[in-house]
Amino acid sequence: MSEQLKVPTMAEMMAEGKQPEVLFWVGCAGSFDDRAKKITKAFVRLLNKANVEFAVLGAEESCTGDPAKRSGNEFLFQMQAVTNIEVMNAYEIKKIVTACPHCFNTLKNEYPGLGGNYDVVHHTQFLKGLLDDGRLTVEGGQFKGKRITFHDPCYLGRANNVYEAPRDLIRKLDAELVEMKSCKSRGLCCGAGGAQMFKEPEAGNKDINIERTEQALETKPQIIAAGCPFCNTMMTDGVKGKEKEGDVEVMDIAELIANAQDL
Amino acid sequence: MNYIPNILFAIALIFGIGFFAKNVKKLWRNVKLGQDKDVSDNKPQRWKNMAMIALGQSKMVKRPVAGFFHIVVYVGFVIINIEVLEIIIDGLFGTHRIGLDVLPEYVYGFLIGSFEVLAALVFVAVVIFWIRRNAIKLKRFMSPEMKGWPKNDGNFILYFEMVLMTLFLVMNATDTTFQNLNSGNIISQHIAPLFSGVSEGGLHIIERSAWWIHILGILVFLNYLYYSKHLHILLAFPNTYYGNLNPKGQFTNNDAVTKEVMLMMDPNADPFAAPAEDETEEAPAKFGASDVQDLSWVNLLNAYTCTECGRCTSECPANQTGKKLSPRKIMMDTRDRLEEVGKNIDVNKGEFVDDGKQLLNDYITKEELWACTSCNACTEACPVSIDPLNIIMEMRRYLVMEESAAPMELNNMMTNIENNGAPWPYNQMDRLNWKDE
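Sequence order for the protein chains is A and B.
When you line the first sequence up against the working numbering, it's residues 1 to 263, in that order.
When you line the second sequence up against the working numbering, it's residues 1 to 437, in that order.
Heads up, a few of these hints could be off.
[Unchecked claim] Below 25 Å or equal to it, Euclidean Cα-Cα: the simulated BS3-like pairs (lysine-lysine) are:
| no. | chain 1 | residue 1 | chain 2 | residue 2 |
| --- | --- | --- | --- | --- |
| 1 | B | LYS137 | A | LYS95 |
| 2 | B | LYS324 | B | LYS229 |
| 3 | A | LYS146 | A | LYS172 |
| 4 | A | LYS244 | A | LYS144 |
| 5 | A | LYS184 | B | LYS139 |
| 6 | A | LYS242 | A | LYS146 |
| 7 | A | LYS38 | B | LYS435 |
| 8 | A | LYS49 | B | LYS435 |
| 9 | A | LYS206 | B | LYS25 |
| 10 | B | LYS435 | A | LYS18 |
| 11 | B | LYS137 | A | LYS181 |
| 12 | A | LYS184 | B | LYS62 |
| 13 | B | LYS366 | A | LYS181 |
| 14 | A | LYS172 | A | LYS206 |
| 15 | A | LYS181 | B | LYS59 |
| 16 | B | LYS26 | B | LYS259 |
Just so you know, these hints were derived from the structure itself, not from any lab.
Let the hints inform the model, and build the full structure from the sequences given.
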C-alpha cells in the first residue's frame with residue numbers, strides 16, 4: 001500500500017523550527033503489532049484530515065514502562081520513564097495524545113512524579129474535541145443503525161474515569177449503542193492488564209477474554225468497539241474462539257470514525 | 001436502698017468498655033507496624049469521602065437489595081443506640097426510664113416508638129441476611145476462604161442482632177408502666193399479649209432479665225468486634241477518610257528507586273563517591289512487601305476494616321474465571337498474619353521474634369499474585385475504600401525486585417524492554433516502519 005500519510009517526527013519538526021500542537025504517542029503495540037498498526041494509521045488519517053499539526057517521536061520513543069511497573073519491576077519502569085521524560089522535556093512537549101490507555105495512564109499519572117508534566121489525552125477524547133470544535137465532521141454513513149457495543153478499557157474507564165468520550169463518538173455515527181451488563185465502572189477486564197498480555201494466564205476454568213466476549217455477544221452486536229490495542233487483541237481472539245468472526249467485527253473507535261469518512 | 005444492682009452495673013460497664021479499649025489499643029499498635037504513609041493531604045476531600053461513602057453508604061446501594069437492607073440495619077444500629085444512653089443512666093443511678101422524667105411524654109413515646117419500629121425492621125433485615133447466606137447461599141458467601149470461622153463469624157453476628165432486637169422488644173412488652181402509658185409501644189403492644197398469663201411479679205422478672213441481658217449482650221458484642229469481621233462498623237469511617245484520592249490507575253512511584261535511577265542518569269554523578277557524612281537516610285530494608293510490616297499502615301487498616309462481604313471477589317475477572325486469586329482473601333490473609341505478628345510481639349515482651357513465616361507463600365501464594373490483571377474492579381467494588389490491588393502490587397515488587405521470581409514470560413518481556421524499548425523483540429529503530437507499510 002502506498003497511501004500518503006503525513007507523519008512528521010519531532011526531530012524533523014525541530015529542524016524546521018516548528019512546535020507541534022500535540023505529540024502522538026504511538027506506543028509499542030501501535031508501532032509493532034499488525035492489528036494495532038491499522039488503528040495507528042486510522043488515527044493518523046483523521047489527524048491529517050483535520051489538519052492537526054502533530055508529530056511522533058519515531059525511533060526516539062520507547063516503552064512507557066507500564067508492563068514492567070505492573071509486573072513489579074519498579075526499577076525498569078523508572079529507567080524507561082526517566083529516559084522518555086528526558087527526550088520529551090528536551091522537545092518541550094506540552095500535550096500528548098495516545099491510542100493506548102496503558103500509555104495514557106502511565107504518562108498522565110505516573111510521569112509527573114518523575115518530572116514529566118504533560119497534558120495527556122486519550123485518542124477518543126482528542127477526536128471528540130476535534131468534532132466539538134468543528135475541525136472534523138462525521139456522518140453515520142456505513143454505521144448508521146448498526147448495533148455497536150463498547151468494551152471499556154480498565155485503564156481508561158475505572159482507572160481514569162473516562163467513560164463518555166468513546167460513547168459520544170459512537171453516538172455520532174448514528175449507530176445503536178448497546179451496553180453490556182457489566183459496563184462503565186463495572187466493566188469486566190479483557191484479561192490483558194497487569195502484564196497478563198505477556199504471559200499465559202494462571203490456571204482456571206476459563207480465559208477472561210472468553211468471558212468478556214460472551215458478555216459482549218449477549219448484546220447481539222455487529223461491532224464490538226474497543227479503545228485499547230490490547231483489549232482489541234483479546235476481544236478479537238475471543239470472537240474467533242466463539243467462531244463468530246464472520247458476524248462480529250472488533251474495531252477501534254478511531255477506525256470507526258475513519259471508516260465513516262471513507263478514509 | 002439497695003445499691004448492689006448499680007454497683008454490678010458499673011462494674012460490668014467498666015469491664016466491658018475497658019477490655020474493648022485495651023483491644024483498640026492493640027489494634028492501633030498492630031496497624032502502626034506498617035510503613036509510614038503520608039495521608040495528610042486534601043483534608044476537605046477526605047472528609048467528603050467519609051461523609052459520602054461511610055456515613056452516606058453511597059457505595060453500598062450499588063447493589064440495591066443488599067444496600068437497602070444494610071441501610072436499615074445501619075440506621076437502626078445508630079438510632080437505637082440512643083436508647084442505650086437511657087439504659088446506662090438508669091443502670092448507674094437506679095432510675096427507671098429516666099427519659100420519661102426529662103422529656104414530655106409524647107416526645108419520649110415518639111422516640112421509643114421509632115426505636116421499636118427500627119428494631120422490628122432490623123430483625124427482618126437480619127433474617128433476610130441470614131437467608132442469603134445460609135438458604136439461598138449466594139455465591140460470594142460460598143468461596144473457599146469463607147469456610148469455617150469466617151462463615152460462623154458472619155452468622156454469629158446475625159444471631160447476636162436478632163437476640164438483641166428481641167430482648168429490646170420483650171423488655172418493652174413486659175414493662176407494665178410503659179405499656180400502660182400506651183405511647184411508643186407501637187410494636188411491643190403486639191408482643192405483650194404473649195405474656196398475658198404471667199403474673200405482675202413474673203412480668204417484672206422477665207422485664208428485668210431482658211433489660212440486663214440486653215445491656216450485657218451489647219457489652220459482649222462490643223468486645224466481640226475485635227475478634228470478628230464486624231469491626232467495619234467503626235473502622236469504615238477512618239478507612240474511607242484515609243482511602244486513595246488519586247486516579248485508580250496511578251500506582252505509587254517508589255522513592256528509593258527514584259533516587260537510584262536519578263543517580264544513574266546524572267552524568268555528573270560520581271559512581272564511586274563515598275556517602276556524604278551527613279547522609280542519614282538509609283536505603284529501605286527491601287523493595288516491596290513479603291510480610292505485613294513491609295506494607296503501609298493504611299494497607300493494614302484496610303485489613304482490619306474488611307467485613308468479608310466479597311463484592312471485590314465477585315467482580316474480580318480472575319476469580320470469575322476460576323483462578324485462585326480472591327481480593328477478599330488477600331485482605332483476610334493480611335489481617336490473619338498481622339494478628340499472628342501482634343500475638344508474637346505480645347508473648348515476646350514487645351519484640352517481634354522471627355517465626356519463620358511471612359505473608360508471602362505462608363498465606364498468599366505467587367499463583368494468586370500473578371493472576372491479577374490490575375483492573376481495579378476490586379477497589380471500585382469495595383463499599384469502604386479498601387485497596388487489595390495495592391497489596392498485590394507491593395508483593396509483586398518484592399517477588400521481582402528482591403527475588404527475581406517473575407514468571408519466565410514476564411522476564412522475557414522485561415528483557416525486551418531493557419534491550420530494545422518494547423515488550424516484544426523488535427528493534428527500536430523500526431518504530432516508525434508502520435508509516436510506509
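Structure-based check of each hint:
With a CA separation close to 52 Å, the supplied pair LYS137(B) and LYS95(A) exceeds the 25 Å bound. Using a Cα cut-off of 25 Å, the hinted pair LYS324(B) and LYS229(B) holds, with the two alpha carbons roughly 22 Å apart. Straight-line distance between C-alpha atoms of LYS146(A) and LYS172(A) comes to about 12 Å, which keeps the hinted pair within the 25 Å bound. For the suggested pair LYS244(A) and LYS144(A), the alpha carbons sit about 22 Å apart, so the restraint of at most 25 Å is met.
Under the criterion of a C-alpha separation no larger than 25 Å, the hint pairing LYS184(A) with LYS139(B) is consistent with the structure, at around 23 Å. Pair hint LYS242(A) plus LYS146(A) holds up; C-alpha atoms about 21 Å apart against a cutoff of 25 Å. Between LYS38(A) and LYS435(B) the alpha-carbon distance is near 10 Å, which keeps this suggested pair within the 25 Å criterion. Note on LYS49(A) and LYS435(B): the hinted pairing holds, with a Cα-Cα distance of about 16 Å set against a maximum of 25 Å.
For the proposed pair LYS206(A) and LYS25(B), the alpha carbon gap of about 45 Å is over 25 Å, so the pair is violated. A C-alpha spacing of about 21 Å is found between LYS435(B) and LYS18(A), which places the hinted pair at or below 25 Å, so the restraint holds. Of the pairs offered as hints, the one joining LYS137(B) and LYS181(A) holds, with about 23 Å between alpha carbons and a cut-off of 25 Å not exceeded. Distance hint between LYS184(A) and LYS62(B) is fulfilled; the C-alpha atoms sit about 13 Å from each other, no more than 25 Å.
The straight-line distance between the Cα atoms of LYS366(B) and LYS181(A) is roughly 32 Å, outside the 25 Å bound, and the hint therefore fails. For the hint linking LYS172(A) to LYS206(A), the alpha-carbon distance of about 36 Å lies beyond 25 Å, and the restraint is violated. Between the alpha carbons of LYS181(A) and LYS59(B) the distance comes to roughly 18 Å, so the proposed pair stays at or under 25 Å and holds. Our distance criterion of 25 Å between C-alpha atoms is broken by LYS26(B) and LYS259(B), whose separation comes to about 36 Å.
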